[in-house]
Amino acid sequence: MEADPSDKVFKALADPGRRLLLDRLRAEDGQTLRRLCEDMGMTRQAVAKHLRVLEEASLVVPIRRGREKLHHLNPAPIQEIADRWIGRFDRGRLRALADLKAKLEGDPDG
Numbered sequence: 001m002e003a004d005p006s007d008k009v010f011k012a013l014a015d016p017g018r019r020l021l022l023d024r025l026r027a028e029d030g031q032t033l034r035r036l037c038e039d040m041g042m043t044r045q046a047v048a049k050h051l052r053v054l055e056e057a058s059l060v061v062p063i064r065r066g067r068e069k070l071h072h073l074n075p076a077p078i079q080e081i082a083d084r085w086i087g088r089f090d091r092g093r094l095r096a097l098a099d100l101k102a103k104l105e106g107d108p109d110g
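Sequence positions in the sequence shown follow the working numbering and run 1 to 110.
Just so you know, the hints here were simulated from the structure itself, not pulled from any lab data.
It should be emphasised that the depicted structure is a prediction, and the values quoted were computed from it without experimental measurement.
Using N, Cα and C, we set each Cβ at its ideal position, and we do this for glycine too.
Warning: the hint list may mix true and false statements.
As the list claims (entries may be wrong) - FRET-style restraints, in silico, Cβ to Cβ:
1) L104 to P5: 14 to 24 Å
2) K103 to A48: 32 to 42 Å
3) E38 to W85: 40 to 50 Å
4) M42 to R93: 21 to 31 Å
5) R44 to P75: 38 to 48 Å
6) L33 to P75: 18 to 28 Å
7) R64 to L100: 38 to 48 Å
8) K69 to D23: 15 to 25 Å
9) R95 to P16: 41 to 51 Å
10) R67 to L104: 44 to 54 Å
11) A98 to K69: 20 to 30 Å
12) I86 to G106: 20 to 30 Å
13) I81 to G17: 30 to 40 Å
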């Protein structure tokens, strides 16, 4: 049985440290390993290992620029999962439910 490509994406997204790296790349795309290590609370080797998992899931794309290796966010695999798992539902109703949940929980952004 051939593995589903989304398995790697789900595995990559399961770790809070990797999600934090994705959030940091979403805020500022094209960061070096050194920059991504700042304020992570983990070793450079641990951050590099997390980045490899994200690259294997195609969530991060490394691009060399001279001697630097810049890491860029690739949201396409997440969009593919959203289309597969959520796309068949009415997005409007899901958004309304998410907004209601945020308001009930006291989220000021909701």
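Does the structure break any of the earlier hints, and which numbers would those be? 1, 3, 4, 5, 9, 11, 13
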